[in-house]
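Line by line, the protein sequences give chains A and B. Going left to right, the first sequence walks through residues 1 to 310 as full-length UniProt numbering numbers them. Going left to right, the second sequence walks through residues 1 to 310 as full-length UniProt numbering numbers them.
In case anyone wonders, no lab produced these hints; they're calculated from the structure. Check before you lean on any hint, since a few could be wrong.
For lysine-lysine, the following BS3-like pairs were computed, each having C-alpha atoms within a straight-line distance of at most 30 Å [what the hints assert, rightly or not]:
1. A/Lys-156 / B/Lys-301
2. A/Lys-206 / B/Lys-290
3. B/Lys-272 / A/Lys-272
4. B/Lys-301 / B/Lys-290
5. B/Lys-156 / A/Lys-301
6. A/Lys-281 / B/Lys-206
7. B/Lys-281 / A/Lys-301
8. B/Lys-281 / A/Lys-272
Number of protein chains: 2
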Amino acid sequence: MILWSARWKSRIGASTIRGMTESSTQKDYLFKTIGVIGVGLLGGSIAAAARQRNLVETILGAGRNPSRMRAAQQSGLLDRGTTNIAETAAQSDLVIVCTPVNHIVQFIQTVAKNSRAGTIITDVGSTKQQICEQLKGTLPAEVTFVASHPLAGSEKSGYEFSDQNLFQDRPCVITPDESVPAEAVSRVRQFWEALGMHVLQTTPVKHDLILAETSHLPHVVASALAATLATENFRYTSTGFRDTTRIAGGDPTLWIEILLSNRDAIVTSLEKYTQSLQQFKEAILNNDEKQLRQLLEDGKKKHDTLNSAP
Amino acid sequence: MILWSARWKSRIGASTIRGMTESSTQKDYLFKTIGVIGVGLLGGSIAAAARQRNLVETILGAGRNPSRMRAAQQSGLLDRGTTNIAETAAQSDLVIVCTPVNHIVQFIQTVAKNSRAGTIITDVGSTKQQICEQLKGTLPAEVTFVASHPLAGSEKSGYEFSDQNLFQDRPCVITPDESVPAEAVSRVRQFWEALGMHVLQTTPVKHDLILAETSHLPHVVASALAATLATENFRYTSTGFRDTTRIAGGDPTLWIEILLSNRDAIVTSLEKYTQSLQQFKEAILNNDEKQLRQLLEDGKKKHDTLNSAP
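Working from the sequences, and respecting the hints, build out all of it.
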């Protein structure tokens, strides 16, 4: 806890002083109080980033483990950490549901039932179609749900690894339903932008098709590569193998949910990828230098563009 | 050139002063003069690392582009940079051939023809079976060839990206022929160890089978993944995609040579990998949570072991 106390102490101090000055009591926060449901790496990092940027007045957190929630509060990451979702929802202007993907619908429904009128709810789920379809027509009219997916994360888990810069310069995809008022969409967009993200808007279906290719396929690719490695060959690996398999360190439970909630799109991406591998195999088998050059240059060209992007 | 002059000036200064003191004129160098044939990222990094560690008295370099060799000399990376391989070979105690893999045999033969008796020659080729087979019986008895493969590199190319710490804590595989005197093997081993590497010894055939899995397969995997990405989806990628495809930025010409010089082993690895992907696909299609967990946990377990290694 010492590390965390040290990390957040300055912010707590600033917050206390801020409360006593006239200028800051008049500050127009985008959201005065936010509630984070599920304080793991992502939820914790949202809290840390919002705190560091002085975006909100109060940060509430709710999670299932009382001692961990107390510890997150004591560390200064949260103004209050509790296991009480209803209470957290009732006191927040924005609630961000950061639980594993197959619990998100249920938590959003619980939050919605307990929120004040005007509360905005968002999430960080890696797939959007299932969530958005299952929620349709189930939420009270007084609250608004704007689906989000901040494309940031780590293969680590737990709020102890929270990173206030996790969202900086990363994309965040929002997929609000057509019925959502533009004002609510705009406020959620502004919140992610204030954390340093650039926000893209699309439909849940398109989101899942795209992310199958940019996020879910890479996870399978990396995991299968790590699994292929024979134990006796570990000592013959270098940085290349490690980089290519870094994301294979992600939590299997979280990834089972993601992969199974976007099956069709992932299978399609996997088939496209397997065809590309098959082309490599044939070019190598046939000693086809020209074809091999084309394949490698295609990969390099896309790599270079991706890494030169602003 | 300013950057390079600054980087190496302190070493040049130290070297001049060193030459005038008694203690250092008596220093027993492992190799007094080394010659680097092919001064790109790897050859340049060997020069930089040997200089920084004060391992050798003189570093000679030979490459095909006169102005680049002059520039590498002016930067202080080399004591002399030239296009003359024969002269470089004749003045070196250890020659390290750092050219692309399908030129290595020819350069080793040129070096051997021009070396003094007792000279040791090594290389940095990513595949070993072809090189070792083609060289067998072709070298004069007065010189010794000890095949090496330092497992270090970068997707960048050019001596400008030389990194004196490139070899630190990385494996180096040596595959000396049975006929090579133990003394020569030991000196080459000590050289790589002095650059910070841990040296593993095996046969050329085993080297190529292992590296197909730990290095060549990952390159194909990363390159095919980068190629699969649709241009319009670039902005939906995050760090995961970038890490998984980092090595796809490698030079296609170098990689064509590597892949075609280890065809059978790479095709075998690719088939093993494709089976692993197929298992993922079936588990996802069949909604088979248990099987998916087993696959993801296998990948994670290997990832975790790999990243906790000392």
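Here is how each hint holds up against the structure:
{"no.": "1", "hint": "A/Lys-156 / B/Lys-301", "result": "holds (14 Å)"}
{"no.": "2", "hint": "A/Lys-206 / B/Lys-290", "result": "holds (28 Å)"}
{"no.": "3", "hint": "B/Lys-272 / A/Lys-272", "result": "holds (18 Å)"}
{"no.": "4", "hint": "B/Lys-301 / B/Lys-290", "result": "holds (16 Å)"}
{"no.": "5", "hint": "B/Lys-156 / A/Lys-301", "result": "holds (14 Å)"}
{"no.": "6", "hint": "A/Lys-281 / B/Lys-206", "result": "holds (21 Å)"}
{"no.": "7", "hint": "B/Lys-281 / A/Lys-301", "result": "holds (28 Å)"}
{"no.": "8", "hint": "B/Lys-281 / A/Lys-272", "result": "holds (12 Å)"}
In this structure, none of the earlier numbered hints is contradicted; all agree with it.
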